[in-house]
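**Q** The chain contents come next:
Protein chains: 2
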Amino acid sequence: MPAADAAIDALRERIPSSPILTDPDVTEGYRRDFAKDPDAGRPLAVVRATSTADVQEVMCWASENAIAVIPRGAGSGLSGGATAVTGGIVLTTELMQDIEVDPVTRTAVVQPGLLNAEVKKAVAEHGLWYPPDPSSFEICSIGGNAATNAGGLCCVKYGVTTDYILGMEVVLADGKAVRLGGPRLKDSAGFSLTKLFVGSEGTLGIITEVIIRLIPKQAPASTVVGTFPTVADSTQAILDITRVMRPAMLEFMDRASIRAVEDVKRMGLDVDAHGMLIAQSDSPGADCSREVEFMAEAFRNNNAADVFTTDDPEEGEAFAAARRFAIPAVERKGTLLLEDVGVPLPALPQLIERIEEIAAERDVLIAVIAHAGDGNTHPLIVHDPNDAEETARANLAFGEIMDFAISLGGTITGEHGVGRLKKNWLPSQVGEDVMDLTRRIKSALDPQNLLNPGAMF
Amino acid sequence: MPAADAAIDALRERIPSSPILTDPDVTEGYRRDFAKDPDAGRPLAVVRATSTADVQEVMCWASENAIAVIPRGAGSGLSGGATAVTGGIVLTTELMQDIEVDPVTRTAVVQPGLLNAEVKKAVAEHGLWYPPDPSSFEICSIGGNAATNAGGLCCVKYGVTTDYILGMEVVLADGKAVRLGGPRLKDSAGFSLTKLFVGSEGTLGIITEVIIRLIPKQAPASTVVGTFPTVADSTQAILDITRVMRPAMLEFMDRASIRAVEDVKRMGLDVDAHGMLIAQSDSPGADCSREVEFMAEAFRNNNAADVFTTDDPEEGEAFAAARRFAIPAVERKGTLLLEDVGVPLPALPQLIERIEEIAAERDVLIAVIAHAGDGNTHPLIVHDPNDAEETARANLAFGEIMDFAISLGGTITGEHGVGRLKKNWLPSQVGEDVMDLTRRIKSALDPQNLLNPGAMF
Chain A
1 MPAADAAIDA LRERIPSSPI LTDPDVTEGY RRDFAKDPDA GRPLAVVRAT
51 STADVQEVMC WASENAIAVI PRGAGSGLSG GATAVTGGIV LTTELMQDIE
101 VDPVTRTAVV QPGLLNAEVK KAVAEHGLWY PPDPSSFEIC SIGGNAATNA
151 GGLCCVKYGV TTDYILGMEV VLADGKAVRL GGPRLKDSAG FSLTKLFVGS
201 EGTLGIITEV IIRLIPKQAP ASTVVGTFPT VADSTQAILD ITRVMRPAML
251 EFMDRASIRA VEDVKRMGLD VDAHGMLIAQ SDSPGADCSR EVEFMAEAFR
301 NNNAADVFTT DDPEEGEAFA AARRFAIPAV ERKGTLLLED VGVPLPALPQ
351 LIERIEEIAA ERDVLIAVIA HAGDGNTHPL IVHDPNDAEE TARANLAFGE
401 IMDFAISLGG TITGEHGVGR LKKNWLPSQV GEDVMDLTRR IKSALDPQNL
451 LNPGAMF
Chain B
458 MPAADAAIDA LRERIPSSPI LTDPDVTEGY RRDFAKDPDA GRPLAVVRAT
508 STADVQEVMC WASENAIAVI PRGAGSGLSG GATAVTGGIV LTTELMQDIE
558 VDPVTRTAVV QPGLLNAEVK KAVAEHGLWY PPDPSSFEIC SIGGNAATNA
608 GGLCCVKYGV TTDYILGMEV VLADGKAVRL GGPRLKDSAG FSLTKLFVGS
658 EGTLGIITEV IIRLIPKQAP ASTVVGTFPT VADSTQAILD ITRVMRPAML
708 EFMDRASIRA VEDVKRMGLD VDAHGMLIAQ SDSPGADCSR EVEFMAEAFR
758 NNNAADVFTT DDPEEGEAFA AARRFAIPAV ERKGTLLLED VGVPLPALPQ
808 LIERIEEIAA ERDVLIAVIA HAGDGNTHPL IVHDPNDAEE TARANLAFGE
858 IMDFAISLGG TITGEHGVGR LKKNWLPSQV GEDVMDLTRR IKSALDPQNL
908 LNPGAMF
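Just so you know, the sequences run in chain order A and B. Number 121 in the numbering used here belongs to position 121 of the first sequence; there are no gaps in the numbering. Number 543 in the numbering used here belongs to position 86 of the second sequence; there are no gaps in the numbering.
Looking at chain A on its own, in the form it has when it is part of the complex:
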């Protein structure tokens, strides 16, 4: 492709300080995110942008040459939002990692490549806290968090990424960089464009900076853990808790997840239980122990065995870590198709029950973990990609779970985004009229369809 080569050479001249990778052995590592999309293409190049100005140059160049640009954060996405396309380039913001914390306004200006954990650490030095905590917080970037409106474990009380993004700088399809919002807690001037770009998965622009809202550091959390003889008992305990109080965490693991974690970690988890709940309260003072005792009582009222409470944050964190470890633990049993369906809370028991049936019907292992307090579940569908027949069954289960979540008034994705893996289900969730609205906005902002083509639509 000499024309393409010439175009890449021209790009090199325009952005001398941003590395451009073209060696196929190197670009191979940028073809897929954690969704391991089997349909990933081969990019012309990978641009490791080092500045907003260079991202602007890339988009000007892409517009002139009609070349698709796949924006990429840390590549930890789970829906194929950063899958490379043949003939396009991948633009990663992984090298852009500055952060400036302003403790007086309790905000920080952050470049997109900084990892979520690094953001948390930098603001903690000022006694501040950035709540959103995807399980992947040690390896996912704040830019990717903003692009997917990422969630996490504490969102049940503290909200999701969009609740903490006050403003951003974003490079549009035509190469213009605009500043949206700012370090102001209140701003009703014009459309809420910041909020529109959060969760737009790189299809409307490339986020080159975010302004995040911070809150005073979290009080030490107390934890309650319990195992249940049936899934129904554990989901009833969830409802008994959430109708009265807001836990700082309320996580569910089913038997397959418990066993997968216990296989590796040897924590002494009850491998005969059908459900485990891990809940936390971070309310201050006496309220904390009152809330933990209330939750422990809700566990016991629903037949929990081994109800364990602790006010030692490290001991509590060990259980949260076990829950976060569930995905890698289950992954040892095979390749995962990772679901992210959510439903209104009262429908949670129905959803988990139906997932068990689908696993049986399709004869695949499905381990279920859930941010149970907000109705967001992660069924992990295990399969061997070299077994075409099993893979086909896993894919059927993947679709059936989304179909069922939609039928319950739920969502196909609570926090991972639509990407390429779930886009065929988006119309049946939101309806054709909303798809039309979505396409009109996309066309208005990216008429050449240069930005992340194939994702979401």
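Wrong hints could be hidden among the right ones.
Derived Cβ-Cβ restraints for the label pairs, each shown as a range [stated by the list, open to error]: (1) P453/A x A523/B: 29 to 37 angstroms; (2) E750/B x G175/A: 53 to 61 angstroms; (3) A66/A x S864/B: 37 to 45 angstroms; (4) A124/A x S900/B: 53 to 61 angstroms; (5) S864/B x A124/A: 28 to 36 angstroms; (6) G268/A x N758/B: 27 to 35 angstroms; (7) P884/B x K265/A: 41 to 49 angstroms; (8) N758/B x A124/A: 20 to 28 angstroms.
Restricting the straight-line Cα-Cα distance to at most 25 angstroms, the calculated cross-link-like pairs of lysine-lysine (PhoX-like) are [stated by the list, open to error]: (9) K265/A x K217/A; (10) K633/B x K899/B; (11) K880/B x K176/A; (12) K674/B x K578/B; (13) K722/B x K880/B; (14) K790/B x K493/B; (15) K36/A x K121/A; (16) K423/A x K722/B; (17) K493/B x K176/A; (18) K880/B x K493/B; (19) K217/A x K674/B; (20) K217/A x K120/A; (21) K880/B x K899/B; (22) K578/B x K442/A; (23) K633/B x K442/A; (24) K217/A x K36/A.
Simulated from the structure, these hints should not be mistaken for lab results. Keep in mind it's a predicted model, so treat the numbers as computed, not measured. Quick reminder that beta carbons are idealized off the backbone N, C-alpha and C, glycines included.
With the hints as your guide, set chain B onto chain A.
**A** Just chain B, lined up with the frame of chain A:
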């Protein structure tokens, strides 16, 4: 206008169950919102919609006849967002007042005409709380709150309207009704269209239902009040507090506001003080008294006299009510041009100082109240509309305050919206590129410019 009359007659036949008012004596009451826009036009009719289906019919009819539609909630807006235009109609949702509370998912489905206070009351019956609390909460509607992304006093801790809107039903320019979002705490499926419509001031669609997020009822608040010898002392106290903790309320009144309230209420406020702060903590248990004592200490450290604390919620509410009463109290001195500028917190002292200078330079009374904890101020510019010269000076001050807020990295509107009164300043706040982006979205969704033409743009 026989053609217009015929069109209205045709509309009557299409929506027999929604009253259509055409008597000029009656429609007069719908020509302006609380901004009292002097340029208000004379509408062909006022439609009091009673259902989503009728709003759809109205928009189909408006599209066919190219007639502008001014959406209107309770008419309590302060930026002229609901000013009528000649040749158009006003569509008010004031008759749509249903609410359905779901205590298990802690959400409510609400029609737009229900007043904010009525929403609070309905959910309180289930032990729940809808936080956003504009000072006008007893007379403003939830639909208008959503359309302007309204704020209030508790937003410093609890966030603004957009943080509580999980979904909505909205009628588009072409008459289609779409459902966005839903009763799910997490949803990353597709663009965040719900958030785009919040704060779009009726220029993109007509909100016919909102799904709001509720939280458990607020703990009883303790209050601390203090008066300061200088504005600078009070703003320093604000910064000393917000850098450490999150009060549940942190309100400022300047001397002119204190005096205006005292004139009417006779509460014994110190009319020689140059600033008064009213702060609250609603943290549970011992944390509440600890926070109140911390704030009282910050007051004293900044030369406050008469620092008064109370854990009696009713006594505290009397001070909050005094603060909310400041606007009507100042209004007794003349007609108000009501500002809503916000700045990053450290710039608050500069802003208030400059407002005092502008008042002196332009020889108009400007009383300043502020949601000080989030940097959002309401300078109230008093003038006599029958005095053309004074009105001109007031208008100059109005613009100069916005210009100065913009120069400090602030916003022209923290919570009231742009409407018609502030639209000339929007481009200088957000820049031409963002205006272009905004116009592209507006054109994509409302190509005929039927929805609230003249507002925001």
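**Q** If a hint holds in the structure, say so; if it doesn't, say that too.
**A** Okay, the hints, checked on the actual structure:
1. P453/A x A523/B: 29 to 37 angstroms: holds, 36 angstroms
2. E750/B x G175/A: 53 to 61 angstroms: holds, 54 angstroms
3. A66/A x S864/B: 37 to 45 angstroms: holds, 41 angstroms
4. A124/A x S900/B: 53 to 61 angstroms: violated, 45 angstroms
5. S864/B x A124/A: 28 to 36 angstroms: At 33 angstroms between Cβs, range holds.
6. G268/A x N758/B: 27 to 35 angstroms: At roughly 52 angstroms between Cβ atoms, N758/B and G268/A fall outside 27 to 35 angstroms, so the hint is violated.
7. P884/B x K265/A: 41 to 49 angstroms: At 58 angstroms between Cβs, range violated.
8. N758/B x A124/A: 20 to 28 angstroms: Hint holds: Cβ distance 27 angstroms, inside 20 to 28 angstroms.
9. K265/A x K217/A: violated, 30 angstroms
10. K633/B x K899/B: holds, 16 angstroms
11. K880/B x K176/A: holds, 23 angstroms
12. K674/B x K578/B: Holds, at about 11 angstroms.
13. K722/B x K880/B: Roughly 36 angstroms between the alpha carbons, so the hint for K722/B and K880/B is violated.
14. K790/B x K493/B: holds, 16 angstroms
15. K36/A x K121/A: Violated, at roughly 29 angstroms.
16. K423/A x K722/B: Not OK: K423/A and K722/B at ~60 angstroms, beyond 25 angstroms, violated.
17. K493/B x K176/A: Not OK: K493/B and K176/A at ~38 angstroms, beyond 25 angstroms, violated.
18. K880/B x K493/B: holds, 16 angstroms
19. K217/A x K674/B: This hinted pair holds, its Cα atoms lying about 23 angstroms apart.
20. K217/A x K120/A: holds, 10 angstroms
21. K880/B x K899/B: holds, 15 angstroms
22. K578/B x K442/A: violated, 40 angstroms
23. K633/B x K442/A: holds, 19 angstroms
24. K217/A x K36/A: Status violated; Cα separation ~36 angstroms.
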